[in-house]
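Undergrad: Listed below, chain by chain, are the residues.
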Amino acid sequence: GAVVSQHPSWVICKSGTSVKIECRSLDFQATTMFWYRQFPKQSLMLMATSNEGSKATYEQGVEKDKFLINHASLTLSTLTVTSAHPEDSSFYICSAPNSGGGDTQYFGPGTRLTVL
Amino acid sequence: AQSVTQPDIHITVSEGASLELRCNYSYGATPYLFWYVQSPGQGLQLLLKYFSGDTLVQGIKGFEAEFKRSQSSFNLRKPSVHWSDAAEYFCAVGAGGNEKLTFGTGTRLTIIP
Chain A
2 GAVVSQHPSW VICKSGTSVK IECRSLDFQA TTMFWYRQFP KQSLMLMATS NEGSKATYEQ
62 GVEKDKFLIN HASLTLSTLT VTSAHPEDSS FYICSAPNSG GGDTQYFGPG TRLTVL
Chain B
303 AQSVTQPDIH ITVSEGASLE LRCNYSYGAT PYLFWYVQSP GQGLQLLLKY FSGDTLVQGI
363 KGFEAEFKRS QSSFNLRKPS VHWSDAAEYF CAVGAGGNEK LTFGTGTRLT IIP
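So the protein lines, in turn, are chains A and B.
Heads up, the first sequence is in this note's numbering, so the first residue is 2 and it goes up one at a time.
Heads up, the second sequence is in this note's numbering, so the first residue is 303 and it goes up one at a time.
In short, the hints are calculated from the structure, not lab data.
Backbone N, C-alpha and C fix where the C-beta goes; we use that ideal spot for every residue, glycine too.
It cannot be assumed that every hint is accurate.
Stated by the list, open to error - Per label pair, the in silico range of CB-to-CB distance:
1) A:Leu69 with B:Ala319: 45 to 53 Å
2) A:Phe40 with B:Ala319: 50 to 58 Å
3) A:Gly54 with B:Ser316: 47 to 55 Å
4) A:Trp11 with B:Thr412: 37 to 45 Å
5) A:Trp11 with B:Gln304: 43 to 51 Å
6) A:His86 with B:Thr357: 42 to 50 Å
7) B:Ser305 with A:Cys14: 32 to 40 Å
8) B:Gln373 with A:Ser6: 17 to 25 Å
9) B:Ile313 with A:Lys21: 34 to 42 Å
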């Protein structure tokens, strides 16, 4: 079946540093990927839609200069949390629909970010 | 704006008992509805989805859900739960299977022996 990977699975960083999270579709192409954030014991909230070859679309209230998204290829989207602060600590999950067809999107296993 | 409500934050059932998790949605057009399961620290696994047709849909792991347009509901059911069903369950709505999703707040399921 279709697989989406995320790297790293967890990361701890110091406040003020930047962290890059990768979302990769392993056996299909994805012109669109979605980035969600999940705070502890809460639901998933959509942050942005990553579009291959063009700018990402951010949801209201999400700072695009803080959460940089790059969709450089048909199988890879990256989310960079710039100048991370403790309030950015969260579980970040990506999902990717198969641009080759079908009506299902596939979720990555998530990345746990802890900012000290 | 679209929204999903899962009224039950936490449900506890005995192993072997039946289960129903509630989901109500608000959506301006024909909704595409999903149920996902999440184990601690893990990503999401799709249990089932409804797009059109038969309003009773079957999913993996013995789960089923019924779409009721008149009640704006899409409740998840299982006739007999297993200890391995303990997890967080999310209902979601979107414009399509490949579109961004709006999730409910989730229901945590605990199974007691």
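Undergrad: So, for every hint listed, does it hold in this structure?
TA: Each hint, compared with the structure:
no.	hint	in the structure
1	A:Leu69 with B:Ala319: 45 to 53 Å	holds, 48 Å
2	A:Phe40 with B:Ala319: 50 to 58 Å	violated, 31 Å
3	A:Gly54 with B:Ser316: 47 to 55 Å	holds, 53 Å
4	A:Trp11 with B:Thr412: 37 to 45 Å	violated, 25 Å
5	A:Trp11 with B:Gln304: 43 to 51 Å	violated, 31 Å
6	A:His86 with B:Thr357: 42 to 50 Å	holds, 46 Å
7	B:Ser305 with A:Cys14: 32 to 40 Å	holds, 34 Å
8	B:Gln373 with A:Ser6: 17 to 25 Å	violated, 39 Å
9	B:Ile313 with A:Lys21: 34 to 42 Å	holds, 38 Å
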